[in-house]
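Here are the chains, one letter per residue:
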Amino acid sequence: DIQMTQSPSSLSASVGDRVTITCRASQSISTYLNWFQQKPGKAPKLLIYTASRLQSGVPSRFSGSGSGTDFTLTISSLQPEDFATYYCQQSDRGPLTFGGGTKVEIK
Amino acid sequence: EVQLVESGGGLVQPGGSLRLSCAASGFTFGTYWMSWVRQAPGKGLEWVANIKQDGGERYYVDSVKGRFTISRDNGKNSLYLQMNNLRAEDTAVYYCVRDKVEGPTNLDYWGQGTLVTVSS
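Protein sequences appear in the order of chains R and A. Count along the first sequence from 1, then add 79; that gives the number in my numbering. Count along the second sequence from 1, then add 8; that gives the number in my numbering.
Over 10 Å on every C-beta distance to chain A, these chain R residues come out as not near it, computed from the model:
1) 82
2) 87
3) 94
4) 101
5) 103
6) 106
7) 107
8) 138
9) 144
10) 149
11) 153
12) 155
13) 156
14) 157
15) 159
The list that follows gives simulated cross-link-like pairs (lysine to aspartate or glutamate, EDC-like), each with its CA atoms no further than 16 Å apart:
16) A/60 to A/110
17) R/118 to R/184
18) A/73 to R/80
19) R/182 to R/161
20) A/73 to A/54
21) A/108 to R/171
22) A/73 to A/97
23) R/121 to R/161
24) R/118 to R/160
25) R/124 to A/116
26) A/84 to A/62
27) R/121 to A/116
28) R/124 to A/54
29) R/186 to R/160
30) R/186 to R/96
Just so you know, these hints were derived from the structure itself, not from any lab. Even for Gly, the Cβ is constructed at its ideal location relative to N, Cα and C.
Bound conformation, chain R alone:
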């Protein structure tokens, strides 16, 4: 199975900060990488698919990059509604696997 490793596992940031979350795959997955946001008590929400494509309705402050084994989710200017947990997920081959999550908290 492909292992997905996210870093950091948590971070504290202020409104307006630029935030970067990293996801590493245990083997090359091309650009078959998705990013999700999850708020407490809610279902995850797709933000980015195939590494860099913004899902419809997602604010442009979210962006994704990377290919192969190393990927990045960037929030250009953190907003109050962005405090949440973020997960990466590979869709290159089964079983589909997720990273452990990155919790973004208010500083």
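The hints should help you fit chain A onto chain R, whose structure is shown.
Below, chain A alone, put in the same frame as chain R:
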């Protein structure tokens, strides 16, 4: 508007069975692969199973193979997960998720989830 509504969760004893259902609306159900994804309390996300549009292909995570069965009824716009021989480690919120038409999985729409608790 795409909607996925799960039902069937609850408290069950170890070794017991439960059948989850997911009612889909707002899209052409029969044209999409569908998945189940679970989340244990306070933990991360784990993909459980998915099924092709016609039910002809089904895939499972190793931990549920031989115990869980994913199925669908396109005439009823419904997805199911039959869970047998349940274990404490199956305790989780189970999400019904729209998967893909073809190509790589997007998991673009999620239900609100249904809680399964396995405990004596």
